[in-house]
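> One letter stands for each residue in the lines below.
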Amino acid sequence: EAQVTQNPRYLITVTGKKLTVTCSQNMNHEYMSWYRQDPGLGLRQIYYSMNVEVTDKGDVPEGYKVSRKEKRNFPLILESPSPNQTSLYFCASSLVAGGGGETQYFGPGTRLLVL
Amino acid sequence: QKEVEQNSGPLSVPEGAIASLNCTYSDRGSQSFFWYRQYSGKSPELIMSIYSNGDKEDGRFTAQLNKASQYVSLLIRDSQPSDSATYLCALEDSSASKIIFGSGTRLSIRP
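Those protein sequences? They're chains A and B, same order as listed. Counting in the working numbering, the first sequence runs from 15 upward without gaps. Counting in the working numbering, the second sequence runs from 117 upward without gaps.
Chain A with its partners taken away, still in its complex shape:
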């Protein structure tokens, strides 16, 4: 089954404690991205990756890091989480970025609370 998985699904942490949210896809997609979703603000892209070892900033990259060492995995790292990073996070993958009728698959989401 084609899917994007994220772990953990729910996380409560404290300010400053480093955390990693994992993302994995089994569709051999080249393009992967991370979004955060906040009420009234919609989905905002944090980082994206066009291929292995190729990453770029999205619209709200501050406070986040990513890596793309393997095609299937795209972890999101919060080195020193702060309360304003409390949000719902989605990982997504697609064969190419947008266009061409390709479906962007979303993971199930990770709800993060930073105290």
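Note that these hints are calculated values from the structure, not bench results. If you're wondering where the values come from, they're calculated on a predicted model, not measured in any experiment. Glycine residues also receive a C-beta, built at the ideal position from the N, C-alpha and C atoms. Certain hints may be false.
List time: in silico DSS-like cross-link candidates among lysine-lysine, alpha-carbon distance up to 25 Å [to be verified]:
(1) Lys214(B) <-> Lys83(A)
(2) Lys172(B) <-> Lys183(B)
(3) Lys85(A) <-> Lys32(A)
(4) Lys71(A) <-> Lys31(A)
(5) Lys214(B) <-> Lys79(A)
(6) Lys214(B) <-> Lys172(B)
(7) Lys214(B) <-> Lys71(A)
(8) Lys85(A) <-> Lys172(B)
(9) Lys79(A) <-> Lys183(B)
(10) Lys71(A) <-> Lys172(B)
Incomplete in silico selection of chain A near chain B, CB under 8 Å [claimed, not checked]:
(11) Gly56
(12) Leu57
(13) Met64
(14) Thr117
With chain A held as given, fit chain B onto it using these hints.
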């Protein structure tokens, strides 16, 4: 900053009627447009994509694109309670390899 604008709603429509969702955008170079449906607490799912001016129909859903007016819409015919969700308009940024989303319109279908 390229923008995608949607009315946040909620838009309340009686069951069986046509729901009309609208979206405007600022990026004149965009060529690819999408509508996603998102149920509360769930991830977005793509329901329509459109690339050319005019209408594109898929079952009860019709997407409409007018690039001159920078306007995209989604019509849902014979609305069902299961259509109650937030609908996200999105487009591919013409200058960067990324998707830009609107903040979504909450649709409620009343029995």
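> So which of those numbered hints doesn't the model satisfy?
8, 9, 10
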